[in-house]
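Q: Once you've looked at the hints, dock chain B against the given chain A.
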Amino acid sequence: MNLFNKINELKSSNDYESLVSLVPYAKTIGVETSLVGDHIVSTLPYIESNIGNHAIPALHGGAVAGFMEVAAIFHLMWTGELKQMPKVIDFSIDYLRTGHAETSYSQCEIIRLGRRVALCNIKVWQDDINKPFALARGHFLLSSNEPFEAKP
Amino acid sequence: MKKPYIHSALSMMKNSKHDINPLLHKVNQTPHATQLKLELIDAKDTTVTLKLPFGEHLIGDPFKRIMHGGAISTLMDTVCGAAVFQAQGNFQSMATLDLRVDHMKPGEPDADVYATADCYRLTNTVAFIRATAYTKDINDPIATAVASFMRSNVEFPVR
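Chains as they are written, first to last, in this note's numbering: chain A, 1 to 152; chain B, 1001 to 1159.
Looking at chain A on its own, in the form it has when it is part of the complex (with noise of 0.2 Å):
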């Protein structure tokens, strides 16, 4: 058994709920899951332990950073017949506002889904969709099985 099956398994059984109890850092950050249409949307409601500046107060960076990868893995899960666990080749976000001790919001958007690699982007905002407060992007592989064969 590996975390894909698993995962496979409630997407099949639609249990959008219990994905975050299968990954321990998810349940540490205290994302929260639910399913809009067909897809899955990542919430992070605010817990005191996500505070990076606690004079502003304002979440961490990092805790940003976790939140939307999290958000993208599952998005990735959810919406492709992927073959196996999507894993992050690289992540960059772009930090436009101060994240506020209040719940955010996450909003992924697949910029293309190859065999091998996907390109997703990645939306958060608190009160106000059109005034996100981090836009991400980052490249996940898909398939580490058909490997790039190197002419000698």
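In case anyone wonders, no lab produced these hints; they're calculated from the structure. Keep in mind that a hint or two might mislead.
[What the hints assert, rightly or not] Straight-line alpha carbon distances no greater than 16 Å define the calculated EDC-like cross-link-like pairs of lysine to aspartate or glutamate that follow:
1. A/K87 - B/E1108
2. A/K123 - B/D1098
3. A/K27 - B/E1108
[Said to hold, decoys possible] One-sided excerpt, in silico: chain A residues whose CB lies under 10 Å from chain B:
4. L22
5. P45
6. E48
7. I51
8. N53
9. F67
10. V70
11. M77
12. D94
13. Y95
14. T98
15. G114
16. I129
17. P132
18. G138
For every residue, glycine included, the Cβ atom is placed at its ideal position computed from N, Cα and C.
A: Chain B in isolation, oriented as in the chain A frame:
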């Protein structure tokens, strides 16, 4: 009274550095860094090394027992910020503008991860940082990162 900006990298080099910024020991006191149990390992000149101890709560894949990429991102963000404090020689706040992490290979099961960051350029308003994460050997990295931070003249809150 608020402290003024440091006006050039040169003036900064005269005053501070080459010693561990004593406030760095408090960098792991923010709630999120505390939860991840980040530890200061070393700091000199413009570089800082932090350790992210392996823990059940950081696992991304419970079957392979390797750390989640998001935990590595937090380590990278924090170590880059710490390198700015170290290069500045004070505890003036900053905000992450941009962070990019490249994952070279998955971490090892149950292994602690170290990250070393170098704040290689400090302008009046912006700081530029490179960082490398590894389990044993910095020359065999699991991830690398580049980051830029907006500097500010507000003191970072230290309890």
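Q: Indicate, hint by hint, whether the structure satisfies it.
A: Against the structure, the hints come out as follows:
Distance check on the hinted pair: A/K87 and B/E1108 sit about 15 Å apart at the alpha-carbon level, within 16 Å; holds. For the hint pairing A/K123 with B/D1098, the CA-to-CA distance comes to about 14 Å; that is within 16 Å, so the pair holds. Between A/K27 and B/E1108, the direct Cα distance comes to roughly 21 Å. Violation of the 16 Å bound is thereby established for this hinted pair. Because the smallest distance between the Cβ of A/L22 and any Cβ of chain B comes to about 7 Å, under 10 Å, the interface hint for this residue holds.
Given hint, A/P45 at the interface with chain B, is violated; its Cβ is 15 Å from that chain's nearest Cβ, farther than 10 Å. Contact between A/E48 and chain B, as hinted, is supported at the beta carbon level, the nearest pair being about 6 Å apart and thus within 10 Å. This hint holds: A/I51 has a C-beta 4 Å from the nearest C-beta of chain B, less than the 10 Å allowed. Evaluation of the A/N53 hint against chain B yields a held restraint, the C-beta minimum of about 7 Å falling below 10 Å.
At a threshold of 10 Å, the smallest CB-CB gap from A/F67 to chain B is about 7 Å, leaving the interface hint in force. For A/V70, the shortest C-beta to C-beta distance to chain B is roughly 6 Å, which falls under 10 Å, so the interface hint holds. Because the closest C-beta pair between A/M77 and chain B is about 12 Å apart, greater than 10 Å, the hint is violated. Residue-level restraint check for A/D94 holds (minimum Cβ-Cβ distance to chain B is 5 Å; threshold 10 Å).
A cut of 10 Å between beta carbons decides the hint on A/Y95: the least distance to chain B is about 5 Å, and the hint holds. Contact between A/T98 and chain B, as hinted, is supported at the beta carbon level, the nearest pair being about 8 Å apart and thus within 10 Å. With its C-beta approaching chain B no nearer than about 18 Å, A/G114 sits outside the 10 Å limit, and its interface hint is violated. Against a cut-off of 10 Å between C-beta atoms, the interface hint on A/I129 is violated, since the closest Cβ of chain B lies about 22 Å away.
Among the interface hints, the one on A/P132 is violated; its C-beta lies about 15 Å from the nearest C-beta in chain B, farther than the 10 Å criterion. Because the closest C-beta pair between A/G138 and chain B is about 9 Å apart, less than 10 Å, the hint holds.
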